[in-house]
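Q: Here is how the chains run, residue by residue.
2 protein chains.
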Amino acid sequence: MIQEEIRRRNAGTLLRHVHLGGAVSRAELAARMGLNRSTIRALTTELARVGLVQEETPSDTGRAGRPSLLVRPASDRCYVLAFDVAVDRLVAARVGLGGVVLDRREAARPRAGPDLPRVVEILARFGRQLHRAAPPQATCVGVGASYCGMIRPGDGMVRFGPDLGWVDQAFGAELGRRLGLGLPVAVGNEAHLGAQAEQQRGAGIGFQNLIYLHGDVGVGGGIIVGGRLLGGDGGYGCELGHMVVNPYDGRPCGCGSSGCLEAEVGERALLDAAGRPAELFGRDAIRAVADDADRGDPAAREALRRVGDWLGIGVANLINLFNPGMVVFGGMLCDLYPGAAAQVRARIARNVLPVAREHVRLRTAALADDATLIGAAELAFTPLLTNPLHPTPPP
Amino acid sequence: MIQEEIRRRNAGTLLRHVHLGGAVSRAELAARMGLNRSTIRALTTELARVGLVQEETPSDTGRAGRPSLLVRPASDRCYVLAFDVAVDRLVAARVGLGGVVLDRREAARPRAGPDLPRVVEILARFGRQLHRAAPPQATCVGVGASYCGMIRPGDGMVRFGPDLGWVDQAFGAELGRRLGLGLPVAVGNEAHLGAQAEQQRGAGIGFQNLIYLHGDVGVGGGIIVGGRLLGGDGGYGCELGHMVVNPYDGRPCGCGSSGCLEAEVGERALLDAAGRPAELFGRDAIRAVADDADRGDPAAREALRRVGDWLGIGVANLINLFNPGMVVFGGMLCDLYPGAAAQVRARIARNVLPVAREHVRLRTAALADDATLIGAAELAFTPLLTNPLHPTPPP
Numbered sequence: 001m002i003q004e005e006i007r008r009r010n011a012g013t014l015l016r017h018v019h020l021g022g023a024v025s026r027a028e029l030a031a032r033m034g035l036n037r038s039t040i041r042a043l044t045t046e047l048a049r050v051g052l053v054q055e056e057t058p059s060d061t062g063r064a065g066r067p068s069l070l071v072r073p074a075s076d077r078c079y080v081l082a083f084d085v086a087v088d089r090l091v092a093a094r095v096g097l098g099g100v101v102l103d104r105r106e107a108a109r110p111r112a113g114p115d116l117p118r119v120v121e122i123l124a125r126f127g128r129q130l131h132r133a134a135p136p137q138a139t140c141v142g143v144g145a146s147y148c149g150m151i152r153p154g155d156g157m158v159r160f161g162p163d164l165g166w167v168d169q170a171f172g173a174e175l176g177r178r179l180g181l182g183l184p185v186a187v188g189n190e191a192h193l194g195a196q197a198e199q200q201r202g203a204g205i206g207f208q209n210l211i212y213l214h215g216d217v218g219v220g221g222g223i224i225v226g227g228r229l230l231g232g233d234g235g236y237g238c239e240l241g242h243m244v245v246n247p248y249d250g251r252p253c254g255c256g257s258s259g260c261l262e263a264e265v266g267e268r269a270l271l272d273a274a275g276r277p278a279e280l281f282g283r284d285a286i287r288a289v290a291d292d293a294d295r296g297d298p299a300a301r302e303a304l305r306r307v308g309d310w311l312g313i314g315v316a317n318l319i320n321l322f323n324p325g326m327v328v329f330g331g332m333l334c335d336l337y338p339g340a341a342a343q344v345r346a347r348i349a350r351n352v353l354p355v356a357r358e359h360v361r362l363r364t365a366a367l368a369d370d371a372t373l374i375g376a377a378e379l380a381f382t383p384l385l386t387n388p389l390h391p392t393p394p395p
Numbered sequence: 001m002i003q004e005e006i007r008r009r010n011a012g013t014l015l016r017h018v019h020l021g022g023a024v025s026r027a028e029l030a031a032r033m034g035l036n037r038s039t040i041r042a043l044t045t046e047l048a049r050v051g052l053v054q055e056e057t058p059s060d061t062g063r064a065g066r067p068s069l070l071v072r073p074a075s076d077r078c079y080v081l082a083f084d085v086a087v088d089r090l091v092a093a094r095v096g097l098g099g100v101v102l103d104r105r106e107a108a109r110p111r112a113g114p115d116l117p118r119v120v121e122i123l124a125r126f127g128r129q130l131h132r133a134a135p136p137q138a139t140c141v142g143v144g145a146s147y148c149g150m151i152r153p154g155d156g157m158v159r160f161g162p163d164l165g166w167v168d169q170a171f172g173a174e175l176g177r178r179l180g181l182g183l184p185v186a187v188g189n190e191a192h193l194g195a196q197a198e199q200q201r202g203a204g205i206g207f208q209n210l211i212y213l214h215g216d217v218g219v220g221g222g223i224i225v226g227g228r229l230l231g232g233d234g235g236y237g238c239e240l241g242h243m244v245v246n247p248y249d250g251r252p253c254g255c256g257s258s259g260c261l262e263a264e265v266g267e268r269a270l271l272d273a274a275g276r277p278a279e280l281f282g283r284d285a286i287r288a289v290a291d292d293a294d295r296g297d298p299a300a301r302e303a304l305r306r307v308g309d310w311l312g313i314g315v316a317n318l319i320n321l322f323n324p325g326m327v328v329f330g331g332m333l334c335d336l337y338p339g340a341a342a343q344v345r346a347r348i349a350r351n352v353l354p355v356a357r358e359h360v361r362l363r364t365a366a367l368a369d370d371a372t373l374i375g376a377a378e379l380a381f382t383p384l385l386t387n388p389l390h391p392t393p394p395p
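Just so you know, the protein sequences line up as chains A and B, in that order.
Our numbering puts the first sequence at residues 1 to 395.
Our numbering puts the second sequence at residues 1 to 395.
Bound-form chain A, shown alone (with noise of 0.2 Å):
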C-alpha cells in the first residue's frame, strides 16, 4: 500500500517536471528527484506504455558512453481543452502535454453580454471543433476554463462576475453539459490562474512568494504565498483590485464603493486622466495611451503618472503584507506598466520597510495575454499529474 502510493507520487513527480520543463534525460530526473535510475527507467516506461511521455537517444550528447535516453511530454498524444471567458474576447484552445497550445479558436466577446447561453453556446462549438479536429491517436484528459469573476471552487460557479452581470451561474456543470466529452470543466478566477500560470511557465518560474496583478476593465489579483494560491476559506481571496486606495474624492467602483484600486487603475482610470473620449474603451485605446506617452506626449505622460501612483501604493500596501519576491503585471497592466513603472518604484521605496523591498523584483507578464489560458490548461492537467497511471476517471 505504502509503495504503491510512493509509486503513484513519483509517477507524478516525474510527469510534472517533463510537463513543465520539457525534455529531460533520464539521469537528470534521477539527480533531480534523487531516485536511482532503474526506478526512472521503471517509471518512464511505464509513463510510455500510457502514452504520457516518449523517449528517445539524443542526438549527439558530446560525451563517451552510452547518452542516457531523452524523455519528453507526448503532447501529440495527450492533450487538454482550455478556455478563457475574458473581459474582450473568448478563447479556446487545444493544449498538449508539455502546456504546447496545438490548436485554437478566439471570438470578440462584445463589451455589455452575453449571456451564460451564449457565451456557453460559443466555447462549447469551439470546444467540439478542436476535439474533432484532433489527431485520432490523442487523447483528451481534462478541460478548464478562466472566468473574469469569482468562482467558488468545486463546482465552477460563477457567484460573482461583474462585467458580464453574472451571479451565481452554473458555468463549469453547463459548459460541460454542452460539451458532450463526459468531462467535468475545473473553473478558476482569470487573475489566480494567470498567477498560477506565470509561476509555472512564465516570469516566476521557482518563485515561491508572487503577486500577480490581472488589469482590464478592474483589477484582479492571484496571490502565491508558499507555493501555493491563497484561497482562504471559501476560495475568494486575493481580491487586490477592491483594496480601498483613495478614500477621500476616489472614482466610484463596479462594487458600488469608492477609491478601489480598480477604480483609480483600471481601464476607465487611465482613459479619462488622458482626456480620452467616454465612448473609446479597450486594449487599443490603453495602448495608444502608451504609445503617446512614449512619443513625449504630456497629457498621456501625465495620465500614466497619476495612474502610477494608485497603482505603486497598491503594490506597496502588497509588498509590506507579502513579502514577495516578484511582482507580475498581467493583462492590460502590461500596457500600462512600463509608462508607470517610475511611480510604482517611487512608492515602493518610500512605503514598504526596507528589510521587505531588498529583493523584490517587478515584471510585467511573460506569457502575456494567454496567462489565463494557460492557467486553464495547467487546472484541467491538475488530475493527471496527481496520478498520471491511475487519473481519477471523469464522475
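It is possible that some hints are incorrect.
Here are the simulated distance ranges between beta carbons [claimed, not checked]:
id, chain 1, residue 1, chain 2, residue 2, range
1, B, Arg345, A, Arg7, 37 to 45 Å
2, A, Thr13, B, Ala173, 54 to 62 Å
3, B, Ala368, A, Arg7, 46 to 54 Å
4, B, Thr386, A, Glu121, 50 to 58 Å
5, A, Arg7, B, Gly154, 31 to 39 Å
6, A, Pro338, B, Ala299, 36 to 44 Å
7, B, Arg345, A, Ala299, 53 to 61 Å
8, A, Arg66, B, Thr139, 53 to 61 Å
9, B, Ala42, A, Thr13, 27 to 35 Å
10, B, Leu35, A, Arg7, 20 to 28 Å
11, A, Gly180, B, Arg228, 37 to 45 Å
12, B, Gly182, A, Arg66, 49 to 57 Å
13, A, Pro338, B, Gly182, 52 to 60 Å
Hint data in this document are derived by calculation from the structure and do not stem from the laboratory.
Beta carbons: idealized from backbone N, C-alpha and C, even for Gly.
Using the hints provided, position chain B relative to the given structure of chain A.
A: Below, chain B without anything else, positioned relative to chain A:
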C-alpha cells in the same frame, strides 16, 4: 526507516493533541488520529517513559466496562522559558507542557530605550530565577521570545525594532548566551506569535485563515493562511501596519512615510483625536478614552469613531485579500475595538465583496495581553512537538 519516520510523526501528533487540547482518553486519541488502540498504547507508554505525558484512570466515566486511560501533558516535568519584549513591559515565564503558565516575572519598560545589553540583562536574570525555582524533576526543553519588531527567521536577529531603535541586533544569540542554559533562543515577531497563539489556544481555535492585528504604539500583524503563518520570502510579511490608508493628509508614521494604518489607528492617533495632552501615553491612557466613550463623552466617542473608520478601511482591505474566517484584535486594540466596532463593521459592509464577508467573525484576543508570551512559549515547544522522542539537541 519509513516505519521509524511514521512512529516519530505519530508521537509528535499525539503529543500535540495532548499539549493543545489537555487531558484526553486513549480511545479519543485513537479516534482522532485514525490509529488502533494498541498503537496508541505503545506511543503513550513511550511518551510517559520519557516524562512527557502522565496516564491515569478517570474517576468515573458513567459507562460500564474498563475505562480508557486519560493522557495528560506532564506540565510539572517538562517546561519552556518564554520571554516577551513588549512596548511597555518585559515579561519572562516558565510555561509547562500543555501551555500552563507556572511562574512569571515582569518589569515595566520605559518608553525610550533600554538598549540591548540592558534588556538582555533583565530578561536573563528573570530566566535564571525561573529556572532555579523549577522543581528538581522538571526539565527545560526550549526557550522562546517575542519581540516588537522585525525578526530574521533562524537566528533571532532583530532587523528593525522601531520602538527601541534597534537595527540588526543579535537579540536571540545574546539572550541565549546570558541565560547560560545551553539552549538556543527562538525569537519571533510579537504579532506573528500572537496570531499563532490565538489560533492554537485563543479566539481562533480551528480557524485555518485568520488575521491578528496587534496594536500598541504602532500596529503589527500576524496572518495565518491555510493554517500557516504567512512569512513571505524573507519572513518579513504581515506588515499590515504600513498599509497606506490615508494617502492625502495622513499622519506621519515612524517608518518615515505617512498615512500608514498604524499612524492613523496607533496609540498617538487615538489620544490626539480625543484631545488628550501629548505627555499622556500607554495602555491606561487608551483605556481612559474607551471608558470615557462608554460613559457617553462626545469627544472620546468621536475619537473612537474616527480611528475606527481608518481601522475599518484596513480590515476591509485585509478581508478582501485574505477571505479569512476570523479577524482578531490584540494589544491595545482589545481596548479600542469595542468602541470602534460599529465603524469597522460599516466599512466591511461597504468595502468587502459580499461573498468574502459572508462568514467572517471579528473578535478581541481571548488570551488578551498574554497572546504574545504564549506564542513565544509555543515557538519554544516546536522542536519537542516535532520529534518528542528525539528532540533536536541544543547546538
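Q: Determine for every hint whether it applies to the structure shown.
A: Going down the list of hints, with the structure as the test:
no.: 1; hint: Arg345(B) with Arg7(A): 37 to 45 Å; result: violated, 53 Å
no.: 2; hint: Thr13(A) with Ala173(B): 54 to 62 Å; result: violated, 39 Å
no.: 3; hint: Ala368(B) with Arg7(A): 46 to 54 Å; result: holds, 51 Å
no.: 4; hint: Thr386(B) with Glu121(A): 50 to 58 Å; result: holds, 55 Å
no.: 5; hint: Arg7(A) with Gly154(B): 31 to 39 Å; result: holds, 36 Å
no.: 6; hint: Pro338(A) with Ala299(B): 36 to 44 Å; result: violated, 50 Å
no.: 7; hint: Arg345(B) with Ala299(A): 53 to 61 Å; result: violated, 42 Å
no.: 8; hint: Arg66(A) with Thr139(B): 53 to 61 Å; result: holds, 58 Å
no.: 9; hint: Ala42(B) with Thr13(A): 27 to 35 Å; result: holds, 33 Å
no.: 10; hint: Leu35(B) with Arg7(A): 20 to 28 Å; result: holds, 24 Å
no.: 11; hint: Gly180(A) with Arg228(B): 37 to 45 Å; result: holds, 42 Å
no.: 12; hint: Gly182(B) with Arg66(A): 49 to 57 Å; result: holds, 55 Å
no.: 13; hint: Pro338(A) with Gly182(B): 52 to 60 Å; result: holds, 56 Å
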